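As you go down the protein sequences, you meet chains A and B in turn.
Residues in the first sequence are numbered consecutively from 84, following this note's numbering.
Residues in the second sequence are numbered consecutively from 84, following this note's numbering.
If you're looking for bench data, these hints aren't it; they were derived computationally from the structure.
This one's a predicted model, so the numbers in the text were calculated from it and none came from an experiment.
Some hints here could point you the wrong way.
Because identical chains share one entry, a pair is satisfied inside a single copy or across any pair of copies.
Quick list of in silico lysine-lysine cross-link-like pairs, PhoX-like style, CA-CA up to 20 Å [to be verified]:
| id | residue 1 | residue 2 |
| --- | --- | --- |
| 1 | 500 | 335 |
| 2 | 399 | 489 |
| 3 | 368 | 396 |
| 4 | 359 | 347 |
| 5 | 386 | 228 |
| 6 | 347 | 369 |
| 7 | 425 | 755 |
Protein chains: 2
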Amino acid sequence: MATLADIGVAAAINIISALIFLLLFAILRLQPFNDRVYFPKWYLKGLRSNPLSSGAFVSKIVNFDFRSYIRFLNWIPAALQMPEPELIDHAGLDSAVYLRIYMIGLKIFVPIAILSWSILVPVNLTSHGLQLAKLRNVTSSNIDKLSISNVERGSDRFWAHLVMAYAFTIWTCYVLMREYEKIASMRLAFLQSEKRRADQFTVLVRNVPPDANESISENVEHFFMVNHPDHYLTNQVVYNANDLADLVAEKKKLQNWYDYYLLKYTRNKEQRPRVKLGFIGLWGKKVDAMDHYTAEIEKITEKIMVERTRVMKDEKGVMPAAFVSFKTRWGAAVCAQTQQTKNPTEWLTEWAPEAREVYWQNLAMPYVSLTVRRFVMHVAFFFLTFFFIIPIAFVQSLASIEGIRKSAPFLNPIIEKKFIKSVIQGFLPGIVLKLFLMFLPAILMMMSKFEGFVSISALERRAAFRYYLFNLVNVFLGSIITGSAFEQLDSFLKQSADQIPRTIGVAIPIKATFFITYIMVDGWAGVAGEILRLKPFVIFHLKNFFLVKTEKDREEAMDPGQIEFYATEPRIQLYFLLGLVYAPVTPILLPFIIFFFGFAYLIFRHQIINVYNQEYESAAAFWPDVHGRIISALIISQVLLIGLMSTKGKAQSTPFLVVLTICTIGFHRFCKGRYESAFVINPLQEAMIKDTLEKAREPNLNLKRFLQSAYIHPIFKDEEYEDDRSEELLEDSDDENCVVVPTKRRSRRNTAANSSASGGSTPSLPFNRPDTGKEKSES
Amino acid sequence: MATLADIGVAAAINIISALIFLLLFAILRLQPFNDRVYFPKWYLKGLRSNPLSSGAFVSKIVNFDFRSYIRFLNWIPAALQMPEPELIDHAGLDSAVYLRIYMIGLKIFVPIAILSWSILVPVNLTSHGLQLAKLRNVTSSNIDKLSISNVERGSDRFWAHLVMAYAFTIWTCYVLMREYEKIASMRLAFLQSEKRRADQFTVLVRNVPPDANESISENVEHFFMVNHPDHYLTNQVVYNANDLADLVAEKKKLQNWYDYYLLKYTRNKEQRPRVKLGFIGLWGKKVDAMDHYTAEIEKITEKIMVERTRVMKDEKGVMPAAFVSFKTRWGAAVCAQTQQTKNPTEWLTEWAPEAREVYWQNLAMPYVSLTVRRFVMHVAFFFLTFFFIIPIAFVQSLASIEGIRKSAPFLNPIIEKKFIKSVIQGFLPGIVLKLFLMFLPAILMMMSKFEGFVSISALERRAAFRYYLFNLVNVFLGSIITGSAFEQLDSFLKQSADQIPRTIGVAIPIKATFFITYIMVDGWAGVAGEILRLKPFVIFHLKNFFLVKTEKDREEAMDPGQIEFYATEPRIQLYFLLGLVYAPVTPILLPFIIFFFGFAYLIFRHQIINVYNQEYESAAAFWPDVHGRIISALIISQVLLIGLMSTKGKAQSTPFLVVLTICTIGFHRFCKGRYESAFVINPLQEAMIKDTLEKAREPNLNLKRFLQSAYIHPIFKDEEYEDDRSEELLEDSDDENCVVVPTKRRSRRNTAANSSASGGSTPSLPFNRPDTGKEKSES
C-alpha cells in the first residue's frame, strides 16, 4: 500500500502535467492564428469574425503583446462570470444543466468531506487496529491510519461510520431532490419560454399499417381526420433516403479531393496535379486530378438526381411513418400521450423530437423488429461487458513479438531490433486496450442506433447508460477485485449472496490509493488536457493549410465540438461512485474528488462558453438518468459498507444499513414519481397556456405554412441546395462547404453519415468527430 | 418415498370424499327448500321465483320425485351446455374469462402430458439409474422408475428431457399468446358492445390542489373548462362519508336485532322479548327489547341526519377528488391518458372505475401518503411472507397444554382430561395455522386497501399478486425445501447464486408424491367441497329461520357469493407451477393436474351459471396478471431444471436452458407490449367510433342528466332511501333490507364496512363474506 509520500509524488506529477497543459493553453489561446480553435463558439454566434488583435501580418499569427501574457490566467474568472440564465441563452439548457452535474458533485462532497474529516478521521486516527495488526506482521502505511482499517475489529467506534453513512445518504438525497426540483422547473420554464417551434405541434407516428387502397400519406390523413377531427392540421411522410444519403456523402468526399487538388494547383500553377486511379491512389493509370474529380462529381450528381426521383416516386420509398402536425400544442400533446387504436403496435405516437435531432434511419422499424433488436443488443452488451477481454487478448497476442513473427514473417528483421522489440512488448498491448476503450462509447452508440431509437438524445442516453454499466463492472469492480469481469462473474455466481458484498467490501480500503492515483490521472490531467483541444488544434491547422481558400472555408474548418454526453457523463458518475463509496471508509479520498469536480466545472464552463456548439437541444432530458445513477452509486456504497462491516465483526449492523438502503430506494421511487414526468411528457395545461397566448398575440398566424416542411429529411434540403449550385460549382469552383446559412440545414448530416456506417461495423464515429461541428451553423 | 400403492390409496380416499360431496350436492340441490342456496343466480336474474316443484307443503321442502334422483348427475351436461357468448351475457366477462383459466390449464397440460408420457416415460423406464443406486443402498419406489431419477448420472438420455423442456415451453407460450390475443379481443368487443355507461364518459381526478378562493367543485370546474374547453361537461365531488357509513352500518345492525325480536314476538305473542343492556347482553338492566331497539334506531337516525348535513355543508367534508364527466368518450379517454399539469402529483387523472367498483375510502389520499403506504406495505408483506411463522408459533405455544396451563390456570381441571388433552395437542396447533391461512387472503386484501387503490378490481389484483408470492414461497418452496420461509431465506443468502437452483432442483423429484397428495386433497376434494356450499347453506337456513318474514327477506338472505378472484386465482396458479415444474421431471404428476383442471372447470362453470353473482365487472382486467404468473411459473420451472441437470452431471446443458429462459422472458416482454395496453387503456379510435355511432343514433341525448348522479357515494343513495321510509319503518315495522330495487344502490356497502374495519386490523372480511351478496340487486 502506498504511503502518503508516494501519493504526494503522484500528485506532484499530475499537478505539474496539468499545469503544463494549462500553461500551454494559456499561451496558445493568445495567438491570433489559434483563435478559431479556442473561441469557435463566438465565431459561430457571429460575435467574432477576426482575431482580436489586428495590425501587421505577423501579429495576426503570433501575439507579441506581453501584457496579455501577464494576464494569461484571466480566462478563469471570465469562465465563472457569466450568470446561469445568460449561459442558458448562450449555450442552451443542455449545457447549463450538464455543468450542474459538476456543481452537484461539489454540493454533495464538500459538506460530506468536512463532516468526514472532522468526525471520522479523528475516530480512525485515535484507534489502534493497525498497531495490533502490526504485531501480527501485517504491513500498513500511514494513510491507513486515517481510514477505517485502523479501527479495531468489532469496536463500537464503527457506529460513528454507520451514523455517518446515514448522514451522507440524507445529505446526498437532499441535494439530489433539490436539484431535481430545480432542473425540472428550469426545463419547464425553458420549454415555456421557447419561441414557436415545429416540434411543439408535431407528433411522430410510427408503424402506420399498410392500406391497399391508399398511400401512406392519405392513410395518415384520413386516420387523423377521423380520430382528431378538431385538431389535425397536416402531415409529412418520411422518405427512405438512406441510399441517397450515401451518395451525397460520397459526392462530398469527391468534392473534398477536388478542392484539395484545386488548391494545390492554385499554389503551384506550373503543374496540374495528377492522380493514380488504382487502389487508394497507390498504382494505376495517372490522370489529371481536377478533370478526373470534375467528371466523377458530375457522374455522381446524375446518380443522385436519379435516386432522388426514385425515392420521391416509388411507393416503397415512403416509410410507414409520418410527422403529423396539429393546429394546437394541446392537440399534439393529446395525440402524443394517447393510444390511438386497440392494437398497441400500430399507429404509435410520440412527441416528435426536434427536427435536427431526428435519427432518420430508424423511423421505419416495425414493432417486432424493435423488440428483437433491443433484445439482441442486451445480449450483445452482456457479452461485451463480461467477455470484451477475450478479443482484446487475441489482438494483443497478435500484436506481441511472437504473434508478429508468425503472422508476418517478413517483418522479422525489423522487430528483432532491440528498441522496436521493447516498444512492441511494452506498449502495444496497452495501446490495443486503450484503443478499444477509446472506441467503446462509439461502439455503444452504434449499438443504440441498431436498437432503433429515433432521436439523438435517446441514442445518447442509452449509450451513456451502457457505458456507465461497463465502467461499473470493468473499471470499478474490476479494479477492486482484480481479474477480468468474466472471472468476477464466475466467482459471483459461485459465491453466496451475502458473501459478495463482503468480498468487495473487504477489498475497498486496500484500493483507496489506487483510486486516488486514478482520480489524479484521469480527473486532473485528463480534464486539463481537454482545454488544450489538441486534436481539433491539429486538424484545424491541417485543414487550414490544405483546404481553406476563403474566410468561409475557415469558418467551416473550425471544429467547436460539443459535450459528448454519452462519453463524458458516465465517467463523471464514476467519481460520484468513488466519493460515496469511500466517504465513510477512507475520507482522505474526498479532497481529490472535490478538486476534480471544481476543476472540471471550471474547465467545462470555459469550454461551453467559448468552444462547444451543441448539435441539438433536448432541454435537459438526460437529468433523470443522471439522478438515477447517483442514487445507484449511493445504494452500491451502502451495500459495500454492509459487506465491509460484516467482515469487521459488525454483522449486527446489517439491519441498520439495510433499512438505509430500503429508504434510499424508496426515495428514488418518490423522486421518479414526482419529477420524472416533467422530462417525458408535455402537460396539457402548459400546452393550453401557450396556445391561448399565441392565439391572442397572432390571431392570423398561418401555422400550416410554418409546419409544412419542418420535417423534411435533411438530405432533401441539402439536395435542393446542392442542385441550385451544381452549375455554379463547376463554373467558379467554389469550396464544398459553402456559406454559413443561418438555418438549421444540414446540421444532422454528420450523423447521417455515421449511421450509414453503423450498418457496417467499423467504429467510424471518432473518426468523424473532427468534422462534427463543421456543418453546424445555426446560431 | 411413497409407492404406487400408497398413492392409489390416497387417490381412493380423495375420490371417495369428492364423490360423497358430489352425491350430497346432488341430493341437497334437488330439495326445494335448498333451491335458493344452489340456484341464487336465477333468482337474482328474476328467472326463478319459486322452487320448481309445487304442490303440498311437504313437497315444497323435500323432493319425493324419485325420477329426479335417477337423473341426479344431469347438472354436469347442463353446466357444459351454455355457449360462451351466452355465458358472458349471463354472468359477465369476468366470470367467462375466469373459466378460461381452467381451460387454458387443460390446453397446456393435455398435449404436454401426452408428449411426456409417450417420450419421457419410456426413456425413464428403460434406464437403470435406480438399479445402480440400489447397489449403493439408496431406497426408491416404483414411481421413481417413471421419473427422471431413474436416468443414470451424466447419461445422454437427459437430452430427451432438455428437448422436451423446449417443446413444453414453446407449446405453453403458443397457448398463452393465442389466449392473450383472444381475451384482448373479447375484452374490446365486450367494452364496445356495452350500452352507454357513466364510466365511459368519466375520469377520476385525484389530488385536486387546494384553492383559497374556490371550493373543490368550482376549482375542478374551472380547471377543466380551461384545459378541456370543448369536451368538459360536469363534475361530481367526493364527500368524505366514512363516519356516515359507520353510522349507517350501526343502524343496520340495530335493525337486525329489532327484526329478530319482532319475529320472536310474532311467533310467541304471549311474552314480549326482553334484553339486558350490559356487555353483549350478559348483564345489566332488563328492558323491553322492541322498545329499546326502536328508541335506539330513532336515536341513530337522528345522528345520521346531523352527520349527513355536516358532510354536505362542511368544506372539510369534501375530499380533494372528483369525478369529471365529458361530453364524449373521446374527451374522457384523452383526459384519462394525459398529464394535466407540470406537477405530476396534482390533478391526477385516470379512467373512472365503474360506480359500484369504486373504493370510496381511498379517494382522498395525497400523493406522498400513497408512496409511503405502498412502501410500508411492501415491507409488511415481506415480513408477513418470511416471518409469519413466528406469531403463529407464539399462538400455537399459547394453545398448547403448557400455554393454557400458564395463561388460564382455572382451566386446569378440564384440560387434564385425556380426550381434551389429545385434542389440544393434536389439533389446536394445526387449526391455528389453518385459521391463519384461511384469513390470509382477507389480510392481504386489507393491506391492498391500506395501500390506497381506488377500485375493487385493483385491490383484488394486488391482493392476488401477494397471495401468489406467499404461496410460492411458503407452499411451493416451503414444501420442497422443508423449513420455514425465514430459514430458506437465510440459507439462500448464504448460498451462491448457482447453488440455489441446485438445492431446489435436487429436491424436486423427491417431493413429487407429496405434491400428488396435495393436488388430490386441495384440488379434488377441495373443489368438490366448493359445489356443496356448506357455509352459505347453513347461514341461509339460519337466517331463514330467525330473520325471514317475507318472500323479499328470503331473497336477501340468499348468499350467491362470487368468484373471489384474489383468493382463488393464486391457488390455480400453484397448479400451473406444479405442472410445468414436474412435466419434464415426473410426468406421472400430470394426469392429476389435468383431472384437477377439468373437474374444477366443470364445477366452477356450474357455480357461475347457477350461483355466483359478481359484484362488479372489470372486463377481464386481471388477465395480464394471470398471463404473467403462468410465464413466471414457466421460468421457475426452467431455472429449477437447470439446477436439477447440473446435479445430474449435465452442467453443460446450462447454456442450452439459459437460452430458453431468456427467450421466455423475451416472449413475455413481447406479449406485454403487444397486448397489455388493451387491458389498461381506452384507445381513441374505439372511443371515437362509439361517439360517432351514438351521435347518429341519438342526436338529442341529454348526457348531463344521465351522468349527473352516477358517482354519488352509495351511502347517500341509501340515505335518501332510508329517509323516505324512516317513518314507514316505525309504523309497519318492515324489515330492514327492503325491496329489491333494480338499481346499483348499496352494492358496495359491505366493502364500505370492511374498510372502516381495516383501520383497526381485525380480519373482518371473511366474517362479512356471508352477507356479501345480500345487497346485490342489479340484474
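Hint-by-hint comparison with the structure:
| no. | hint | in the structure |
| --- | --- | --- |
| 1 | 500 with 335 | neither (44 Å within a copy, 104 Å between copies) |
| 2 | 399 with 489 | neither (51 Å within a copy, 87 Å between copies) |
| 3 | 368 with 396 | neither (40 Å within a copy, 99 Å between copies) |
| 4 | 359 with 347 | within (16 Å within a copy, 118 Å between copies) |
| 5 | 386 with 228 | neither (74 Å within a copy, 74 Å between copies) |
| 6 | 347 with 369 | within (17 Å within a copy, 122 Å between copies) |
| 7 | 425 with 755 | between (28 Å within a copy, 14 Å between copies) |
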